[in-house]
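Chain A is already provided as a structure; the job is to place chain B on it using the hints.
Chains as they are written, first to last, in the numbering used here: chain A, 1 to 597; chain B, 1 to 597.
FYI, nobody ran anything at the bench for these hints, they're computed from the structure. Bear in mind that the values here come from a model prediction, so they are computed numbers and not experimental data. Check the hints yourself; a few may be wrong.
Identical chains share a label here; the pair holds if one copy fits it or two copies do between them.
To be verified - Once the Cα atoms are required to be at most 27 Å apart in a straight line, the calculated DSSO-like pairs of lysine-lysine come out as:
id : residue 1 : residue 2
1  : 77        : 62
2  : 331       : 84
3  : 84        : 476
4  : 147       : 77
5  : 62        : 147
6  : 333       : 180
7  : 62        : 148
8  : 485       : 549
Each chain is listed here by its residues.
Number of protein chains: 2
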Amino acid sequence: MPTYRAPVDDALFLLNDVFHFDRYGNLPGFADASPDTVEAILGEAAKFSEEVLTPLNRVGDKEGCTRHADGSVTTPKGFKQAYKQLVDGGWVGISAPAEYGGQGLPTTLTGMVMEFMCSANMAFAMYPGLTQGATAALAAHGSDALKKIYLPKMVSGEWTGTMNLTEPHCGTDLGLLRTKAAPQPDGSYKITGTKIFISAGEHDLAENIVHLVLARIEGAPEGTKGISLFVVPKIFPKDDGSLGERNAVACGSLEEKMGIHGNSTCVMNYDGATGWLIGEANRGLHAMFTMMNEARMGVGIQGLALSEVAYQNAAAYAKERLQGRSLSGGKYKDKPADPIIVHPDLRRTLLTIKAFNEAARALVTWTALQGDVAHRSGDDKQRQAADDHMGLLTPVIKGVLTDGGFANSVMAQQVFGGHGYIAEHGMEQFVRDARIAQIYEGANGIQALDLVGRKLGKDGGRAMMAFFNEVSGYIKERSGSEAMKPYVTPLSAALGHLQQASMWFMQNAMGKPDNAGAGATDYMHLFGLVALGYMWCRIAEAAQAKLPKANGSSPRYSAKLVTARFFMERMLPETATHLARIQAGAASTMESPDEAF
Amino acid sequence: MPTYRAPVDDALFLLNDVFHFDRYGNLPGFADASPDTVEAILGEAAKFSEEVLTPLNRVGDKEGCTRHADGSVTTPKGFKQAYKQLVDGGWVGISAPAEYGGQGLPTTLTGMVMEFMCSANMAFAMYPGLTQGATAALAAHGSDALKKIYLPKMVSGEWTGTMNLTEPHCGTDLGLLRTKAAPQPDGSYKITGTKIFISAGEHDLAENIVHLVLARIEGAPEGTKGISLFVVPKIFPKDDGSLGERNAVACGSLEEKMGIHGNSTCVMNYDGATGWLIGEANRGLHAMFTMMNEARMGVGIQGLALSEVAYQNAAAYAKERLQGRSLSGGKYKDKPADPIIVHPDLRRTLLTIKAFNEAARALVTWTALQGDVAHRSGDDKQRQAADDHMGLLTPVIKGVLTDGGFANSVMAQQVFGGHGYIAEHGMEQFVRDARIAQIYEGANGIQALDLVGRKLGKDGGRAMMAFFNEVSGYIKERSGSEAMKPYVTPLSAALGHLQQASMWFMQNAMGKPDNAGAGATDYMHLFGLVALGYMWCRIAEAAQAKLPKANGSSPRYSAKLVTARFFMERMLPETATHLARIQAGAASTMESPDEAF
Chain A
1 MPTYRAPVDD ALFLLNDVFH FDRYGNLPGF ADASPDTVEA ILGEAAKFSE EVLTPLNRVG
61 DKEGCTRHAD GSVTTPKGFK QAYKQLVDGG WVGISAPAEY GGQGLPTTLT GMVMEFMCSA
121 NMAFAMYPGL TQGATAALAA HGSDALKKIY LPKMVSGEWT GTMNLTEPHC GTDLGLLRTK
181 AAPQPDGSYK ITGTKIFISA GEHDLAENIV HLVLARIEGA PEGTKGISLF VVPKIFPKDD
241 GSLGERNAVA CGSLEEKMGI HGNSTCVMNY DGATGWLIGE ANRGLHAMFT MMNEARMGVG
301 IQGLALSEVA YQNAAAYAKE RLQGRSLSGG KYKDKPADPI IVHPDLRRTL LTIKAFNEAA
361 RALVTWTALQ GDVAHRSGDD KQRQAADDHM GLLTPVIKGV LTDGGFANSV MAQQVFGGHG
421 YIAEHGMEQF VRDARIAQIY EGANGIQALD LVGRKLGKDG GRAMMAFFNE VSGYIKERSG
481 SEAMKPYVTP LSAALGHLQQ ASMWFMQNAM GKPDNAGAGA TDYMHLFGLV ALGYMWCRIA
541 EAAQAKLPKA NGSSPRYSAK LVTARFFMER MLPETATHLA RIQAGAASTM ESPDEAF
Chain B
1 MPTYRAPVDD ALFLLNDVFH FDRYGNLPGF ADASPDTVEA ILGEAAKFSE EVLTPLNRVG
61 DKEGCTRHAD GSVTTPKGFK QAYKQLVDGG WVGISAPAEY GGQGLPTTLT GMVMEFMCSA
121 NMAFAMYPGL TQGATAALAA HGSDALKKIY LPKMVSGEWT GTMNLTEPHC GTDLGLLRTK
181 AAPQPDGSYK ITGTKIFISA GEHDLAENIV HLVLARIEGA PEGTKGISLF VVPKIFPKDD
241 GSLGERNAVA CGSLEEKMGI HGNSTCVMNY DGATGWLIGE ANRGLHAMFT MMNEARMGVG
301 IQGLALSEVA YQNAAAYAKE RLQGRSLSGG KYKDKPADPI IVHPDLRRTL LTIKAFNEAA
361 RALVTWTALQ GDVAHRSGDD KQRQAADDHM GLLTPVIKGV LTDGGFANSV MAQQVFGGHG
421 YIAEHGMEQF VRDARIAQIY EGANGIQALD LVGRKLGKDG GRAMMAFFNE VSGYIKERSG
481 SEAMKPYVTP LSAALGHLQQ ASMWFMQNAM GKPDNAGAGA TDYMHLFGLV ALGYMWCRIA
541 EAAQAKLPKA NGSSPRYSAK LVTARFFMER MLPETATHLA RIQAGAASTM ESPDEAF
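In isolation and in its complexed conformation, chain A is listed as follows (with noise of 0.2 Å):
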């Protein structure tokens, strides 16, 4: 059975010391997370994900969710007592707006908790995960009267939320949908359409289900510029908030897939199905774009989730499981073999998955910062610096982490041999868990796209500008410091090669777009190293600053500054062979017919 550390100490060392959490004491909701007060959350959370979550992870790979043929759902064994743990704990609306009942802290703190529940359990995490991004989307764009049905049940997590896009014949390419949206006298519509990949979309957990649903409005144009934004619930509440009849919405069937088995995947029919419209009509995707920033950086940190439990469990057996000697002569002469921990091999995996579990939360944490000030900043130009930022660093998590959290799970199960691929030591579900992070919410090669055809460029390149110049700013003001030197002197040559790439891009293809599309994913992965790597330095600043107060010796903080060498030594020289990637061009890419693949 797979064991699990919510890594509690490695979240506060970030907030306090690497970015100073203090500093925006000035933002709403920000007073109230005083360090006790995180330190008391990400503790509970930690226990929650700890005592309750972990030990149903296998439980909700093995038993699943099962349809019953009156179309309704149920979730694994142990999981709906758990969901209802998760309610009375308040944790559904840790960030939501006090005004619907939410304790309006800071979003940072979400994605932390996020962070623990996922490497959990991921399948369980999805639930209130969806709910957090359709209420955002909720509360972003539905009218009042909408909100003060829906919201406060969708805060405190006694209703679930879900997301309706895609359908059997379209997923990426959103204009192609099919769903139609009739009109009705009272303001209303009628939903008619097959949802399929619906996460959530049925189950027992909760005693509503909000489905957000994009549909076309009869007559609309056609293409992406049809589409609307729709409220559908599963039960219509009544006016004093209790719960009405059926609405013509149900669960035709689960999918049989890969992993996250304790999240119930469903084709959703909509037969007539009343719904209400989200903000304008025909300007759906711009409302469910909302939900899906939200969702991308939540994805992100799933990789990420996966990757640090698939890395505790590793090195955990590595330090157990007696195999060989070391190279160098035994280290353990009392046991019949060295613990496998000892292997140069294996330490090189390991270390590859903490320095990118280590950075990965840095940038999160950083960018979740970011979206807090984003949205409760008073300052305009802080708010658009912030909004810039997140807008060009969310598909590099969302691309960067979710590849990373499966590589780096599949190389944690590597550790494991033989017994890797057995289901016993659940590191075989690590890796098909970890595998739909990459797929869902836009794949990564979407992501890839998003950056470089939307985010590099827009706004006159504002925000990868601003990106630029903060992380050659910082290596600049290091220039002088000598224990700095071995971080942000490899920093600086892979910032070269991403400016670089961005140059090569502008120059080579404004006229052929084909060359930005086939260097895309390399662009993508290589802006995540030197975005990574920039983590890295700061860590390693924050642990130098350290040091000396805890005399010159720390396990904890000296490891920090060897993972950032190893970071920089082993992971970040990958930055060339993107860039070469990059710069060889669409030419042999796009030469063959179609017919020759």
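Same frame as chain A, now just chain B:
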């Protein structure tokens, strides 16, 4: 449902045009392998794989194997009939010695047939694959009496084989193994112990199962020098060849695993089972390694096979799935959207897999031919050179082709978006099946250590120098060729990186073996890239020679040249990163204490 079409044309192109199979006509068995015969054999193998094995692949995954209360195991529906066809077709023994009923054809052909079968149904193909490995070990090391009893039945496939190495506490480090062998007055041994992860350990396909079992004879030395190899039949053969009584060996349970569900992976209990020594006492590992080397090549082929079938399905889906429009303007204006193959990132994905597959198939073919030379040539020097090649390339083929096979299956799955995550299309099964190949027959980290720690320096580096000389000689000979320049120039740079890395090990790892260990995996992949790059040069040259005969225009050979360029521009540059990682050394990898993980 996934489909499969065996790449017979590509196999014939490799044999006839790239590696000039006809030049090996003087080797025993090769005379029988005329071009027509080879084409007929591959055609029949293709048909069997496509029509019989492919339809059983999903069934095998879904249904898996079932162990009954009496310890017997049933394979998935249809496997038994398919296995009968396999035996009736004489497929198991096509390369086995004629004296035991085999056809004595080159093992190069067996490798190709195995690729087809593994693409179609890896879990099924493992049954004959293991039998072939066990046959090889028994043929090389068994007494005449044992060979006479067992080989004819194994060569025909009437009986299947297994290899029993792993125990719960020992896999990589066989020195720890505990299974005991007690000598009996009649020269046999009583074997007692538990073996785990035994593929094809018990099943209903064949009337008997021949277990090759590693065990320690009572009183034998500790460690690897006290291990012997035994043959332990499930049912005792009588002197007339008919089956007698049951031996004391039984399947205790089936492992619940990530993939290859159609293959029965057993815990095998030996409870005083009667076995006979193969080869010398205490020299069991030596004998087992005959089997292991064959098996490692076979596992490398599995990696290629899954990459190939995953590619074929992804390419078909990419040409069929309509979503979005080409970045450079719609290409299929009569359709509601373009097929996704127009998108550069999608083509990059497909070409990455294709460029791997075609070169990997060449590498396997080249090395299998050397294997035939090593076993069949009458010339000592030729045999030695071929054996050197095999020894050097076996870990590269196992490690690189299975890492690539898995990564490529994942990329092919990604082409399907959400549809790749659900079971229906079969893509997620390819991923789960491909994963085991990185683990079994020596996890890939062990392959890397074998390459760096044993194969490089063996016989004063003779095999390595021969490989370097062959590649650099090839490059030099083409230095004046404009046509070959786009291929040999990048290969020359990559070879330079490999030579620098080898030199770095010589200078830095002799006294500090950790420097070798920390760089081993990168070295293996660097080596693999150079080997695949060399294969692309050979392929490109052969394609160029074919083009004039096709009046300069041949979609097939033109595609070879484009794919070769893609490999050189997009995949080979990674050698620089591997070199940088190797040269970073082991310092940051080894510095932290074990507790820091």
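For this session: Check each numbered hint from earlier against the structure, then list the numbers of those it violates in ascending order.
Result: Numbers 2, 3, 4, 5, 7, in rising order.
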